[in-house]
Amino acid sequence: MPEPIGWPDDPHSPPPLPSSSLMVEDGLELLAPIEGDARELFVTVDENREYLREWLPWLDDVNSVDDELAMIRRIRDDKNFNWIYLIRKYGELVGVVSLNWVDWDNRSFGLGYWVSESSSGRGIITKSCRRVIEHCFVDLKLHRSVIEVAVDNHPSRAVAERLGLRLEGISKDREWLYDRFTDSVMFAITAPEWNVQSGAN
Numbered sequence: 000m001p002e003p004i005g006w007p008d009d010p011h012s013p014p015p016l017p018s019s020s021l022m023v024e025d026g027l028e029l030l031a032p033i034e035g036d037a038r039e040l041f042v043t044v045d046e047n048r049e050y051l052r053e054w055l056p057w058l059d060d061v062n063s064v065d066d067e068l069a070m071i072r073r074i075r076d077d078k079n080f081n082w083i084y085l086i087r088k089y090g091e092l093v094g095v096v097s098l099n100w101v102d103w104d105n106r107s108f109g110l111g112y113w114v115s116e117s118s119s120g121r122g123i124i125t126k127s128c129r130r131v132i133e134h135c136f137v138d139l140k141l142h143r144s145v146i147e148v149a150v151d152n153h154p155s156r157a158v159a160e161r162l163g164l165r166l167e168g169i170s171k172d173r174e175w176l177y178d179r180f181t182d183s184v185m186f187a188i189t190a191p192e193w194n195v196q197s198g199a200n
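Heads up: the sequence shown begins at 0 in numbering that gives the first Met the number 0, then just goes up one per residue.
Keep in mind that a hint or two might mislead.
[Unchecked claim] Label pairs and their computed distance ranges (CB to CB): (1) S117 with W57: 27 to 33 Å; (2) D9 with E116: 26 to 32 Å; (3) N62 with G198: 44 to 50 Å; (4) G35 with W57: 29 to 35 Å; (5) L176 with E34: 27 to 33 Å.
Everything labelled a hint here was simulated from the structure, so no lab data went into it. Cβ coordinates follow ideal geometry from the N, Cα and C atoms, glycine included.
Taking the hints into account, I'd like the entire structure generated from these sequences.
Put into structure tokens, the structure is as follows:
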């Protein structure tokens, strides 16, 4: 009896779900949030509010634990699909990696990320994003990863560059950031390119 083919070879099969946890390295783990994480997530965001506000447009929408709780529930119930991972360094919440969108028809996904000010510059985001991209390509059978950041957000651009994504273009006035429009730059890599790159490392 032939083995089931499954998605994506069988387009009528449901696509796989992301893992609820991903180990990056000893002491560094990515975990899907549960409702009990809402308070800690809010405190981390609130403590880093001014730092994150420079480049993230959603800070004014997060003003309470209830706001984070609603976000966790919305992601859990989302049928259009997005997903976030809490980055935990030896158990401490230090940031987030998110699948901002997944286009199952075209097997592509957009990645977002932030890290607390005290944990920046330590390679945590680069390692975490690498693990999520690997998971999406290998386990979820997706084909293309996209990272889009503000043109002048040099730390986030550096993450995409370290991951080996290529610059594909600049969008004028792509995002409204509180009081001004910002241009954005798009980086991308395909699964075959990722495999070649990973084999070379």
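Checked hints:
no., hint, in the structure
1, S117 with W57: 27 to 33 Å, "violated, 21 Å"
2, D9 with E116: 26 to 32 Å, "violated, 46 Å"
3, N62 with G198: 44 to 50 Å, "holds, 46 Å"
4, G35 with W57: 29 to 35 Å, "violated, 22 Å"
5, L176 with E34: 27 to 33 Å, "holds, 30 Å"
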